[in-house]
Every structure is written in C-alpha cells, then in structure tokens.
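Visitor: If you want the building blocks of each chain, they are given just below.
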Amino acid sequence: GDSVTQMEGPVTLSEEAFLTINCTYTATGYPSLFWYVQYPGEGLQLLLKATKADDKGSNKGFEATYRKETTSFHLEKGSVQVSDSAVYFCALSASTYSGNTPLVFGKGTRLSVIA
Amino acid sequence: NAGVTQTPKFQVLKTGQSMTLQCAQDMNHNSMYWYRQDPGMGLRLIYYSASEGTTDKGEVPNGYNVSRLNKREFSLRLESAAPSQTSVYFCASSEDQGRRTDTQYFGPGTRLTVL
Chain A
1 GDSVTQMEGP VTLSEEAFLT INCTYTATGY PSLFWYVQYP GEGLQLLLKA
51 TKADDKGSNK GFEATYRKET TSFHLEKGSV QVSDSAVYFC ALSASTYSGN
101 TPLVFGKGTR LSVIA
Chain B
116 NAGVTQTPKF QVLKTGQSMT LQCAQDMNHN SMYWYRQDPG MGLRLIYYSA
166 SEGTTDKGEV PNGYNVSRLN KREFSLRLES AAPSQTSVYF CASSEDQGRR
216 TDTQYFGPGT RLTVL
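Residue numbers (the numbering used here), protein chains in the order written: chain A, 1 to 115; chain B, 116 to 230.
A portion of the hints provided could be inaccurate.
Simulated crosslink set (DSS-like; lysine-lysine; CA at most 25 Å straight-line) [as the list claims (entries may be wrong)]: (1) K68/A <-> K52/A; (2) K77/A <-> K107/A; (3) K107/A <-> K124/B; (4) K107/A <-> K186/B; (5) K107/A <-> K52/A; (6) K186/B <-> K124/B.
Rather than coming from a laboratory, the hints here were simulated on the basis of the structure. None of the values given here were measured: they were computed from a predicted structure.
Go ahead and model the full structure; you've got the sequences and the hints to work with.
Guide: So, in structure tokens, the structure goes:
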C-alpha cells in the first residue's frame with residue numbers, strides 16, 4: 001500500500017541554520033505530495049504541496065520539490081527562526097477507493113529552533 | 116469563518132464509558148475525516164465521509180462509529196471506551212471527494228484520556 005517515510009526527530013537547530021527534513025514515499029499511480037505543520041497545541045495546517053513530478057511547492061521560506069525518480073519530497077528552509085519550531089508531517093494522496101482521497105501521513109518530525 | 120471546529124477540547128473517560136466527539140465545518144466542503152494521532156505514529160485515518168449520507172472505514176475503524184449528520188457535521192462515537200483509545204483526535208474536511216490534489220483543513224483536536 002501507499003506509505004510515507006520521513007526522518008525521525010527530534011531535530012534541534014540554532015536560529016538561521018539550514019533545515020532539511022527528508023521524506024520518501026511509496027505509492028501507486030501519481031500521488032500528490034504535501035507538507036503539513038503542527039504548532040504546539042494546534043491542529044495541522046498545510047505548509048505546501050506539489051501535485052506532479054518536478055513541481056516545487058513553497059511557502060513562508062520553505063520549499064520542497066517533487067522528485068519522481070527518487071520518490072522524494074524533502075523539505076528545506078535556508079534560515080530557520082524560533083517561530084518555525086513545530087512538528088512537520090509529510091503526506092501523500094493517491095488512492096481513490098470509494099471515490100475519496102484520504103491522506104497517508106509520515107510519523108512526523110519535531111523541529112526545535114533555539115535562539 | 117471558523118473553519119473546522121471540534122468539541123470538546125479535552126475529555127477523560129473511564130473504561131467502558133461512551134462519548135461522542137463533535138465536528139463541524141463552515142466551508143461548504145463535501146468530504147470530512149476523522150484521524151487519531153498517537154506518539155510516533157503520525158496520523159491514522161479512522162473513518163471518512165465522501166459526501167453527505169456516506170461513510171467509509173479508514174485504517175483503524177475498530178471501536179468507533181460515525182455519523183454524517185448533514186453537510187456541516189460529522190461525529191465520532193466511542194461506544195465502550197478502552198485505554199487503547201487514549202489519543203488526540205482530529206477532524207478534517209476537504210472540498211471535493213474525487214480530487215487527490217485537495218487540501219485538507221484540520222480542527223484543533225480533542226485530547227481524550229481513557230482510564
């Protein structure tokens with residue numbers, strides 16, 4: 001079945017450091033790929049997405065490129081801030097059983113940024 | 116525009132008690148979902164509803180029932196709570212059942228503890 005594997009955390013970085021969170025996937029067909037972020041005590045919110053190969057999603061300084069050849073969707077940011085501290089989830093949507101498109105999530109990566 | 120709302124925010128139950136988690140969305144979305152979030156497990160789909168009047172099982176449906184009351188509301192019921200159902204529960208909605216590109220919008224979550 002469809003699955004998402006992302007790097008385990010926690011990840012601790014100093015402010016202004018470069019961030020990479022790895023994500024690889026297994027899916028039938030042509031999935032859409034997402035990064036969701038969960039700030040402390042809140043629900044998940046979409047950070048960025050890409051719906052076809054070679055697409056780049058970007059938002060708030062974060063970027064991720066849909067690489068079909070390596071089945072990857074790594075999240076990057078050039079200079080992290082304390083306010084980026086959160087849990088980041090990689091997810092995909094591919095299966096359409098019963099006409100729906102449920103998300104399959106990775107286990108999440110906790111990022112802590114220290115000043 | 117409140118988005119996705121969930122009640123209650125916190126709940127403590129004893130083993131064998133029942134309760135219903137409520138979810139409502141005001142975005143006129145067709146599809147709604149219930150997930151549970153456990154440490155180190157990411158989010159797992161319990162049930163979903165592609166449209167008003169339909170519901171389907173997700174990855175972990177055992178011990179739960181759902182009702183799509185109308186287009187806005189989707190409730191999750193635990194008939195006889197067990198400690199293994201201690202978790203954080205998230206409701207989500209998306210616009211169109213058939214599009215794998217759709218963003219899901221999440222509520223703030225319900226933290227449930229079963230003693």
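Visitor: Evaluate each hint against the coordinates.
Guide: The hints, checked one at a time:
A distance of roughly 9 Å separates the Cα atoms of K68/A and K52/A; the hinted pair therefore holds under the 25 Å criterion. Simply put, K77/A and K107/A have alpha-carbon atoms about 20 Å apart, close enough for the 25 Å limit, and the pair holds. Proximity of K107/A to K124/B is assessed by CA-CA distance (about 23 Å); at most 25 Å being required, the pair is judged to hold. Simply put, K107/A and K186/B have alpha-carbon atoms about 30 Å apart, too far for the 25 Å limit, and the pair is violated.
For the suggested pair K107/A and K52/A, the alpha carbons sit about 23 Å apart, so the restraint of at most 25 Å is met. With a C-alpha separation of about 22 Å, the suggested pair K186/B and K124/B falls inside the 25 Å cut-off, and the hint holds.
The structure is inconsistent with hint 4 alone, although it conforms to all the rest.
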